[in-house]
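Trainee: Based on the provided sequences and hints, a complete structural model is requested.
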Amino acid sequence: MSNDIIGAAKPRIDGPDKLSGRARYAADHYPANLTYAYGVFSNIAAGKITDIDVSKAKQQPGVIEIFHHGNFPKLHRSPSNFAQQNKVDEPRLPFEDNNVYYGGQFVAMVVADTFENARNAAYFVDVSYQESEPVTSLTQALKKGAPKQAKSSRHVRGDADSAFSSAPHQVDAIYTTPVETHNPMEMHATTAYWNDGDLTFYEASQGVVFAKNTIAAVFGINPARVDARAPYIGSGFGSKLWIWPNAVAATAASRELGRPVQLVVPRAQMFTTTGHRPATHQNIKLGADANGKLQAIVHDSVNSTSFVGHYVETCGSVTKSLYDCDNVRVTHATAQVNQGTPTSMRAPGAAPGLFALESAIDELAEKIGMDPLALRKANYTETDGSKGLPFSSIHLMECYERGAKAFGWDKRNPEVGSMKNGNEILGWGVAACNWEALKRDCNARVALRADGRAFVSCATQDIGTGTYTIVAQTAADVLGLPLDKIEVELGDSAYPSGPLSGGSWASASALPAIHAAAKKAADQLKGYAVEEGAVFADADPEKITLADGKLSMDGGDSVAFVDVLQQRKVAEAFGEAYTSGATGDEYSFRSFGAHFVEIAWDPGISRLRVNRVVSAIDCGQIINSKTASNQVEGAIAMGIGMALFEQTEYDHRSGMPVNNNYAEYLVPTHADYPEDVNVLLLDYPDYKFNDLGLRGIGEIGITGMAAAVANAVYHATGKRVRDLPIRIEDLMSA
Amino acid sequence: MRDFSYMQADSVGAAVASHAKGNDSAYISGGTTLLDLAKLEVMRPGHVVDVRKTGYDQVEQLDDGRLRIGTNVTNTDLAYHPIVKEQYTVLSDALLSGASTSIRNKATTGGNVMQRARCAYFRDTSAPCNKREPGSGCSAIGGHARSVFAVLGTSEHCVVAHPSDMCVAMAAIGGVVNVEGPNGKRDIDFLDFHLLPGDTPHLEHALEADEMITHVTLNAPVKGAKSHYLKLRDRASYQFALASSAIIVATDGDTVRDARIAMGGVGTKPWRAAAAEKSLIGKAATEDNFAKAADIAFADARPTDDNAFKIPLGKQAIVRGLQTVTA
Ligand SMILES: Cc1cc2nc3c(=O)[nH]c(=O)nc-3n(C[C@H](O)[C@H](O)[C@H](O)COP(=O)(O)OP(=O)(O)OC[C@H]3O[C@@H](n4cnc5c(N)ncnc54)[C@H](O)[C@@H]3O)c2cc1C
Ligand code: SF4
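Protein chains in written order, with my numbering: chain R, 1 to 734; chain A, 1001 to 1327.
Since the hints were made in silico from the structure, they are not lab data.
None of these values were measured; they are calculated from a predicted model.
There's no promise every hint is true.
[Unchecked claim] Far from chain R by the CB rule (all over 12 Å, computed), these chain A residues: (1) M1007; (2) D1010; (3) A1014; (4) A1020; (5) P1045; (6) D1077; (7) H1157; (8) V1176; (9) L1207; (10) E1208; (11) A1250; (12) K1283.
[As the list claims (entries may be wrong)] The calculated label-pair distances, taken between Cβ atoms and stated as ranges, are: (13) A/K1106 to R/L483: 37 to 43 Å; (14) A/S1136 to R/D161: 51 to 57 Å; (15) R/D17 to A/G1055: 40 to 46 Å; (16) A/R1044 to R/R154: 53 to 59 Å; (17) R/H670 to A/D1305: 31 to 37 Å; (18) R/S733 to A/L1195: 31 to 37 Å; (19) R/G369 to A/D1254: 42 to 48 Å; (20) R/D53 to A/S1136: 20 to 26 Å; (21) A/A1209 to R/D17: 50 to 56 Å; (22) R/N81 to A/S1237: 43 to 49 Å; (23) R/K74 to A/S1136: 38 to 44 Å; (24) A/R1257 to R/H670: 36 to 42 Å.
Just so you know, even glycine gets a beta-carbon here, dropped at the ideal spot from N, CA and C.
Mentor: Take a look at the structure:
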């Protein structure tokens, strides 16, 4: 690979379209005859609908139809099979029956000629309920009975319980994290239309192939008749991996009415009916010897799930692999509450799980009287104990060392509350971060066209992370073309089947396929150039290089590739490639890193702020240092939010969310983002994982961040906060 | 959101006349409160009178030294007005700590004075709320009542805090709200403008039917005083105050000559702490005396289930505010 393009800090090629408003999102499409749908949502969290009176609503201007469980078409649940690419987290269909399982559930939907008329009429739909007592929190659910164990994500090695009880140093603590809501800027939305039994729909989706297959399963039709599109999405953070009731409601209404339908989920219901990170309750037990060597790790976690979906937050997914320890037990369980169904949110499992584990490691260091970084180093391993396999490529030690150096960790005074700056007490904390590296099957097509441009297409998505740009860079690298000559087509299920944009696997899955397809396209072009009567007739195609839109023979004669195509009288030279997912038979594939955080606590005014962050990340080859750093920087912001602000709050009596808007659901503002953030990307290619050596970087940055903040808070205040978010009242002295 | 009729008034007379035509009229200026609540169906005006073309968009220093602020002056313009920046630092600080730049660009002086409660139950039409539906009950009591709830001036009918930052600074400075209505003009003392909830939390202000705010006129600056607004909250920006203090202090050497203290985020109206002020006059500007004043300010505080921390936090806002202006 030539280094002027791979790894370069290229600005996003879709940036101008986004800034100028040319980029069209799911609800920016206006097919002819479009109608607008608006939901009516349950304002109780549990019970039954006893009556829906639509008489007043029907008389409102512009109303076309009002759907509810009494008249919604009979459809089918998706089998929710990951391998078949039709997974959903909430299999129940909207308007399936008169049951209410959570507040903010679709109970009716008005379709009208304008958005305003639909919304207006929605307020006139009169729904009567028979309420039952809701389960309003995980804590309450756990009081009601034992949680349900999730067998699939369990891991046991050695005998953790007895190793723990005989360990000289022990930590046994419970950590909790609240419901967090993804809150992408773009709300979930669907614009759907049918044509002779063929469905096209624009969906705010992180996976057009999954969206297509799931909707096909719901309608019981051939997926080939469905086209799901998401050329742009205003982020998702996991909430748009699978479709939610809005997609079913809009596509079905469109089929019933024979007209296009657009449905946008209002912000308030983005907190209820499109997934969230569930609440977790985690018990960690660590046992260690006097040198800090871990002898036992137990991580038993429970998360909230809904009554209409079974979602497991795998909090122990990193715990089983991160440290060298022979006796480990990791279990997961769920308990049902009357909330919408949870789903993956950036670094599912690892984000809450590492908050618990990496806080507990800090507690252990304190007990032993050891530096928390030294304790982590003492338990460093290059083997994944949960699999008995070596890591394919690990530079965690270097992350610790380079991060510590950049941060100045050696100047840390371990004494709690000892580091002062004027009115403020500074706290320094560290935590490891970690995320599994995954790679899925992928197809891609690359064409060099007679107009001098290259086209790359793949049914993966750019969810705001820079996929368009790194796809173009990958193709440019092979084809020897400048970025502005490369058109990237993503986000349409009609393109060659590509990966979900989730799990940090989109890049590692798609780029090798694109690289291979580009090579094939280049080979076809070279083949044309050496055909009888062509410019390099009878030459060895291996000797031809591609650069600046030209083919050159051994650095000598050159010809524009356009001329080769014209002479051959073809539209394009193209290649299609398929690359398979990673098997993980020989290696454990993971990414590694460490966060170093400084917080400032001003006890005189109870003000807590994050001052400074250094994050060292080992995630393989960097394709674009700008978009890669952006991912970590964004994840740091989100991790600060997780530590200090984020929490969906529910009324404990009614179970209804009370902070369901951007003003009261707190995420970090620009002013909360530290001025001094230093992201160190180690950039060691992992060729055991794939030909390009990259691993993906979307999620790792948020893992461990909340623990690093909590550990820094402890260092400043002496208060160990085990329940997120850390609130100032937790730190104010009584 | 319901349909409403709309009229853009070109004078206060036309505005008042148009407003008086029905009994479900509302004035609109920046719309950042009204449109938000109309979309939620919390406010359902049948007729909306736009006052932005009525004039009243100037900031003028009167001959007697008072500052007359037109109702249509935006929060941004007011915050950056040279006289405000120089002589009413506390007001400039308070304005700039509120909302976001884009909201402040739209929000106006009169609209800010009239902004409504930020209680989640007030904003949710399916929850009982005495402010929205008199007599329906208060969901916040026994419910979720942390960030935007008060500890001072609450009643068993309503416990929400007054949300404004600007008004807290104005309460410290003192002045009048100038209004005009069907019966002509009158002035309402700023401290009497907002009402305590008592058993009528739906009555929030002293305006009579159809009266429109034309100005807020602030008292002349206290001679030789320094002022400061300190807003404490979970995140650094774009959040209503958990507790705030607007402080104006003049000293003779180390002795406090004049002190004005108002508090935000903790009271059901912009909260002037007169007894705390009095305790400081003639006293040394020491942390000890400041802490005593803060204790006095919160002597009658009564927290909700979730916001007891606001009592120590409010005291901290006062102490640090006083320290800042006397440093
Ligand atoms: C997300 C968000 C965050 C916010 N954060 C803060 C914050 O941190 N601090 C803070 O102080 N404020 C905050 N605000 C509130 C903001 O300051 C107010 O919404 C704004 O000041 C209202 O002014 P406006 O001109 O837009 O009022 P409008 O919405 O036009 O009107 C508000 C009310 O005043 C009435 N009214 C308007 N003009 C007159 C008049 N001349 N005479 C009589 N009645 C009139 C209207 O009928 C209406 O009832 C926030 C608002 C939002 C939406
Ligand atoms: S505190 Fe006031 S605004 Fe909130 S629910 Fe109670 S009465 Fe309504």
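Trainee: Determine for every hint whether it applies to the structure shown.
Mentor: Against the structure, the hints:
At roughly 20 Å from the closest C-beta of chain R, the C-beta of A/M1007 stays outside 12 Å, upholding its exclusion from the interface. The beta carbon of A/D1010 sits about 28 Å from the closest Cβ of chain R, which is more than 12 Å, so the claim that it is off the interface holds. Against the 12 Å criterion, A/A1014 stays outside the reach of chain R, whose nearest CB is about 28 Å from its own CB. Listed as outside the interface, A/A1020 is consistent with that label: its C-beta sits roughly 27 Å from the nearest C-beta of chain R, beyond the 12 Å cut-off.
For A/P1045, the shortest C-beta to C-beta distance to chain R comes to about 15 Å, beyond the 12 Å cut-off, and the non-interface label holds. Non-interface call for A/D1077 relative to chain R: holds, since the shortest CB-CB distance, roughly 22 Å, exceeds 12 Å. Residue-level check passed: A/H1157 sits 18 Å from the nearest beta carbon of chain R, beyond 12 Å. Consistency note on A/V1176: stated as away from chain R, and its beta-carbon is indeed over 12 Å from all of that chain's, at 31 Å minimum.
The Cβ of A/L1207 lies farther than 12 Å from every Cβ of chain R, with a closest approach of about 26 Å, so its non-interface assignment holds. Every Cβ of chain R is farther than 12 Å from the Cβ of A/E1208; the closest lies at roughly 31 Å, confirming the non-interface assignment. Its beta-carbon lying about 23 Å from the closest one in chain R, A/A1250 satisfies the requirement of being farther than 12 Å from that chain. Distance check for A/K1283 against chain R: the nearest CB is about 20 Å away, which clears 12 Å, and the non-interface claim stands.
A hinted range of 37 to 43 Å holds for the C-beta pair A/K1106 and R/L483, which are about 40 Å apart. A/S1136 and R/D161 have their C-beta atoms about 54 Å apart, which keeps the hinted 51 to 57 Å range intact. At roughly 43 Å, the beta-carbon separation of R/D17 and A/G1055 lies within the given 40 to 46 Å, and the hint holds. A hinted range of 53 to 59 Å for the beta carbons of A/R1044 and R/R154 is consistent with their spacing of about 54 Å.
The hinted window of 31 to 37 Å between R/H670 and A/D1305 holds, with their beta carbons roughly 33 Å apart. Distance hint check: the CB atoms of R/S733 and A/L1195 are about 36 Å apart, consistent with the given range 31 to 37 Å. Here the CB-CB span from R/G369 to A/D1254 is close to 47 Å, well matched to the stated 42 to 48 Å. Checked against the hint of 20 to 26 Å, the pair R/D53 and A/S1136 passes, with Cβ atoms roughly 22 Å apart.
Roughly 52 Å separates the CB atoms of A/A1209 and R/D17, a value that falls within the hinted 50 to 56 Å. A hinted range of 43 to 49 Å holds for the C-beta pair R/N81 and A/S1237, which are about 45 Å apart. At about 40 Å, the CB distance of R/K74 to A/S1136 agrees with the hint of 38 to 44 Å. Checked against the hint of 36 to 42 Å, the C-beta distance between A/R1257 and R/H670 comes to roughly 40 Å, which is consistent with it.
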